[in-house]
Every structure is written in structure tokens, then in C-alpha cells.
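Student: So the chains spell out like this:
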Amino acid sequence: MVRFLFARLLQSVAVLWVVYTVTFGLLMMAPGDPFVGEKAPPLAVRQALAKSYGLDYLTLPAAERKNLSAGQRAAYVGRAYWAYLSKAVRFDFGPTIDYPNWSVSEVIAHSLPISITLGATALLIALWGGVVAGTLGALSKNRWPDFLLTFGTLLGVSLPSFVVGALLLMLLVVAIPLLPSGGWGSPRQLVLPAVTLSLFYMAYIASLARASTLEVLGADFVRTARAKGLPASRVIARHVGANAGLPLLSYLGPAAATILTGSFVVEKLFAIPGLGTHFVNGCLNNDIPLVLGATLVYTAIVVLFNLLVDIAYAAVDPRISLG
Amino acid sequence: MSRVLLIPSLLLLALAVLCFALSGGGVRAGAPRTITIANADEIKTLDVGRMSWMADIRTAMALWEGLLAYDPVTVKPVPGTAASWDISPDLRTYTFHLRPEAKWSNGDPVTAADFEFAWKRVLTPATGADYIELLYTIDGAKEYAEALGRGEKPDFSTVAVRAVDAHTLVVRLKFPCSYFLDLCAFPPLFPLNEAAMRPFLLTDSKGVQSYNGIWTRPPHLVTNGPYYLADWKFKEYLLLEPNAHYWDRGNVKTDRLIIKAISDPRAALLAFDSGTVDCLTFVPQQFIEDLLAQKDPEKRRLIHYQPVFGSYYFEFNCTRGPLQDKRVRKALCLAVDRQKIVDDVTRMHQKPLGVIVPPGAIPGYVSPQGLGMDIPEARRLLAEAGYPGGRGLPPLEVLFNNEAIHSQIAMALGQMWKNNLNVDVTYRGIERGSFGPERREAHNFDIARGGWYGDYPDPTTWLDLAKSTNGNNDGRFSSPAYDGLLEAAAKEANPSKRLAILSEAEKLLVTDECPFLPLYQYGDGYMYDDRKISGFDVNVRLLTQLKWIARK
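Quick mapping for you: the protein sequence lines, in order, are chains X and A.
Just so we're aligned, residue 1 is where the first sequence starts under our numbering, counting upward by one.
Just so we're aligned, residue 1 is where the second sequence starts under our numbering, counting upward by one.
Bound conformation, chain X alone:
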């Protein structure tokens, strides 16, 4: 177990490094200059500013940049690469370019808990909603609750969240004013965005749960349990459930990662100040420190959840052991 964890840790560091390098390279190649807005101050001001970010290469006048030798260019970019790598190691990227009063770490510290709250709530809803619906579907196979479920699953998987979100807003905010339209701060404001975000995952989990429950229902040990005369509820809860839950567990890891990192649309729709919004805006505005920071956090989340799933698998399934 310790050896496994150690190896995974090393792997994770390598993954983070590769992601940092690729992201940095892409940001350097991306067209655009984060220090040019609608009103361009004199070049000296922009260059002084770029220098304070260690990004002086970006504000070199086009003509000057063209005349650089490959070595000079590599020196410029290399300096920035090392500067930001050392910042990444300390996880202190300095101020963002777009909101210079706030450092990247502050922005992330502010917005990540919001995204996680939203994501974790959504996943919780998705998990239990999906499991209950899927099990009911499997138990009533090929009868109307099952068809209803299949139809609902199809809808949930195919409707994009901005459609679902807009529908929910129209229904529960405009038509029947039950819930606030958005923002952050109270649990009531969390309901609509979490439900919107959860529907896709709920649908997917429901179909997974239905399939795996069906598979287990047909297994020999279930037949044995029933033959012994156990009540149906107990059979389902103890014998079917325990085994049908496994495939879900392996789905939860990637689902948690995507739900935490992919809530951008929902965040925007409900005016939630989460990390997704910063990430996308950062990319649009060439906010290099912010994009690097957010990308690394996202990578760390994905790596972490995959690790958690591996550990969880070993814990519940005796056939798997961690080296």
C-alpha cells in the first residue's frame, strides 16, 4: 500500500509537470497580448508591467521579436518558464493580470470551495437520485416505470445544462417564484444550479445502476438468497446492492473530476463565482498566471480522484490489492 501510494505520488508529480509544460507552451504560442486592452498605454508602461509578471517577451514589438535569434527567443521563453515553474512549486503565481488586486492563489482559494460545494452537492443528488431510479427501473424491467426511466435517462444525457438550467429558471423562478435566480451565499441559492448540474450525471448513473442491478439480479447467489426465503427488500439491499454498486464506484471518480472541473456553464447561468468562470475568462484574456494556476488545480483534482477510486476499489473488492 505504501509503495503503491509512493509510486502514484511520483506519477502525479510527473503528470503535473507535463501539464504545466504543455500549458505554458500553448500560452506562449497563443496569439494576443494580455497587456493590450481597448486603450493602449505607451509601450514603456506595458513593458514595465509585463516585466513585473516576468512576461517581457510578450510585449516586445513585433518587429523586434522577428529579429530575435532562436537562441534569444529560447532565452526569453526559458526565463519565463523557470520563473513560473518555481512559482508553481511554491504555488504562488503572484497577481493575476486581469484583476491585479488579487493573486492567483486568492482567486483560487475564493472560488474553488464554491465550485467544490456545487460539484459535491450535484454529485450527491446525482448519485442517490440515479441509484434509486436505476434500481426501481431494474426491478420493474420492461414495465412502464422502466420505460419512463429509460426515457428520462435519455433526456438527461442529451439535454445540455444551459437548456435544463434555463427551463428550471423559467419554471421555478419566473413562473412559480420559489427559489432565487442565482448568486452565492445561501443554501437556497445552491438548489437550482446543483440540480441542473446533476441531471446529466444522474441519468448516466441511473442507466449504470439499472444495468448492473439487472446483471446481479440474474446471478446465482441472488437466486439462492431468494430461495432461502429472504424478504425481497433485504435481498436487494444486502445482496444485490452491494455488488451492483461496484461499477458505480469506478464511475464516481471520473464523474467527480468532471463535475468539479466542468461546471462552467452552470456557474455562468446562475451567476456563481466559481473557478470554472475564472478559468474560461482567463483563457480568453490570456491571463497567463491565472490559467496556469487553474489548470494545475484542475489536474491535481483529476489525479486525486483517480487515486481515491483506486484505493476505494481495493477497499471494497478483495480481488484487487494495491501492490
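These are computed hints drawn from the structure, not numbers from a lab.
All figures in this text were calculated on a predicted structure; none of them were measured in a lab.
Treat the hints with care, as some may be off.
[Said to hold, decoys possible] Capping the alpha-carbon separation at 30 Å, the derived lysine-lysine pairs in DSBU-like fashion look like this: (1) A:K326 x X:K39; (2) A:K467 x X:K39; (3) X:K39 x A:K491; (4) A:K76 x A:K507; (5) X:K51 x A:K120.
[As the list claims (entries may be wrong)] Example chain A residues on the side facing chain X (calculated, C-beta under 10 Å, incomplete): (6) I43; (7) D130; (8) E441; (9) D455.
All C-beta atoms in this analysis are idealised placements derived from N, C-alpha and C, irrespective of residue type, glycine included.
Dock chain A against chain X, hints included.
Tutor: Using the frame of chain X, we list chain A on its own:
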């Protein structure tokens, strides 16, 4: 199933609760005399020296007060921190007399040295001031900033700003700048409390000084205006409360001013409709057409939309291909139906514009007659330039940033040029981030989308765009005659004669040289119920003074 899923469920629940607690609650609402305003985006910066965005400027004017302030309705400069001022007969020396009762939010008196400190900081390139050039109106300022930019160590005493005593500030201008008082009410010229900022001073290995951005945040930020910053949650809200030390405290009638950021237009409208937000500082773009067209007068009256201090235009690259010939540029200008663009393309019925300075926006300035549509004349000019019937003219590339409105206008223009002059164009839409450098740095276009909001009430805020030495001259237009007129105006001490020279310069620009194709005057505005809220007037420059906002 339950057992297997119990652990992850508990984990998720714990995570959600923990992170919710970490993320902090929302702002307390429901206190008496609270007003909530929503901007379309978070404040970029509260560093007055650096700011250039409208939302930042509006907030800064609520937190600080310059030597002067703007009248909330006429936008004319009125006494602020300075109770009075004297202007020398040559109109170049200004002596400001500060109110002795003016105080910072921590109780310190506001002194002339606070202005000197702030202005010196703006003139330091490392500060990164977008509006550094506004201060170049002061004698010696430009030379000082440029020397710093070259890495020299000039003496600030070469800049003609002098705090004679605690309450007297003397400024000597480079030229008789008629709008200098107006600039004194604008955030980049606001004072700063150095003592409050000092704990955040950073000095890097090369001795370059800067301030950690934390100085702009509560409880560290010390301001001298109607409000102080009580709380700031990034991308959520700013909370402003009355500054007890403000000299005009009695006129601040709002106890809590909450400024939110809602970037999604649908969410913003919903928040406004449901009453969680009292005022929107924008009319959501996607819905503007429907909003303006709606028949219900009760809803229509909530929208306060009007022409503002900005012009929308396309600009020609005057150094490349056939557009070097002013006859071709003029022909293209003459072949455009502006009314059709505002009626059928933007459908917001903005004011069509034949000139570059929005007429009527600047008191005392008489705009020249701009070009209208004249297709026979356009064809004649094109033939005269050697392209009869558009023959021989290579396709022209129109560059714009990829937003629906710009691409639609570009295509409408292309269609008009094709139909009226048989001129072909190609379109190149690129994302916002690359558009600026492509247009302003690389000048890689034939025709590019442009737009400019005026910064001060003087025609030069637009006319300087076409000066051959101006950094924002995207089309690299260069005309000695035009530059000469601007120079003559700068030297002219008589204000009305000066405006007449500028009008002549604009006439040359829009009817003869044609580096721009002006299309319309921007429209903009707010949404609020004027039966409930007062003091939130839209003015042509959108310089709303939140000091006066109050619940009726």
C-alpha cells in the same frame, strides 16, 4: 448498494458542507436604505492609478474624491476636495485650495502631498497606468515618465506639481489645457494615502517598487470619498458604507451600497426583475432590442438608454494597398447607408454618425458636416482612383473581433460595397485577445472595426487618434496638414478659436482624408426604477456619481 455508496456519499456531503462554510456566506441584506447595483463584470482594479474600465471608475468615484467632482447631471466639474482654485492669466498655472475639513476614511487630513504622491505614482511606468497620458498635460510629466521608462533616475522636481503647503497644490501645465479641471475629477488623478499603502510596498532585486494588491482591499484601503470599502468578496460583491469622515457626509443618503458582478445577461435581468438587484449598470446586450421595443410603458420606463460619449466606426489602413489613396477611402465612406445599419443590423436605432466626435457631446464645439451616402460620387471617385466599376481593386480584408454585432455590421458593409461599388471584401473575425494586437500592434488589416469612448470633454480625445504619432492610430494615418492643425489648436489660448481650429481639423479628417468610416454614436444606459431610486442618472459620459444615489 447502500453500504458501498455510503462512504463516498458521506465524503461528498462532508466536502460540500466544509466548502460551503469555507466559501463564506453572502452579504447581509435587508438593512434599511440599502441599494444593490449590478455590474456586468467584477471590478478589474481599485487601484485608481491603473484603472480604465467604466465600472472601476464609477466605484472609484464613490470611494474617493478628486480635487474636483462631477455634477451628477451636467457632468461639469464642481468643487470636490479642493474648495476653490485660481487659474493664472496664461491659463497654464492652477492653484488649488484644499478644504481643511477634507479627511481620509481613517481620519487623517487630506493634504496636497497626497495628490503629489498619487500623480508621481501614475507617472511611474511600472505602476502600469492605462491613463498615464492624461497627466502628460502637466509640464515636465511626459519627459519624467519617459526617462523612467528608459531606466534613468529623473528627479520628480522636474514635474510641475508642487504641494506648497498642506492645503495648497500648484500645477503648471504644458499648454493651456481647457479640460484640465475635468481631468482633476477623474480617478487616475485621485489622491492616495501613502501611509496606508506603505506596509504593502514591495521592492524587487532591481530596486523597482510596487505595491502588493492587498492595499486595495478592506480593511486596508483608505479613501477620502463619500463611502469607504467595508467588504469585498471577489466576483461576488463590494460593500460600500458611508465614510464618517467625509466632509459632505450629510449628502450621502444610502447606508449600504452593494455592488455585485453578474456576467450572464439573463441572470442579470432575472435578478433585476425579481428585485434582488435595484440597478443594472448596463442594458443586457442580448435583450436590448426586445427591451427597447417593448410596448408595456411600465417596463419600458425602467430602461434609461441614451446616446453616449463614444463612436463606433471602421478604420482604414492608410499604409497598405489601394487604401493609401484617400479617394478610395472616401468612396467606401460614401457608399454606406448608416441609417440602414442602425435600423436593420444593430436594430437599436443608435444615432448615425458622419463625423468622429459625437455632435453635441462637447459644449461649445461645432461639428463639421460629415459625409452622407452619395453613390454616384463614390463611383466617380473610385474610377478617378483607377478602379472604374471596382475593376482592378483587389479584395479588401475586413478585420473584426468575433462578436455577433461586429461580424454582422462588417458583412452589411461588405454587401453595400459590393452592391454599390462592385468592391469585394473578405472577412476575418478573430477572438478578442488577438484582435487588439493584430489591429493596434501589427496593423495587419485593410479595414478594421474600431470604437472609442471619449475620456475628457474635448474633441482631441477623438481627434488625437489620427495624429501621426499617436499609439492608438491603428490605421497609421499620417497627414502633415492634420497634425499641423492639431498643433495650432494646442497652442491657441482662446478657447473658442481653439475649438474652431479643431472643427476644421475634423472636417479635413471626415470629409477629405477619411481614415475612419464613422457609423454611429454608441448608446448605453442603466436599468432602474426612478420612482424608487434617485441620483442614479445616466449622463452622456456615463460618469454617474454614486454619492447621490438614494432610495426615495
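Student: Which of the stated hints cannot be reconciled with the structure, identified by number in ascending sequence?
Tutor: none
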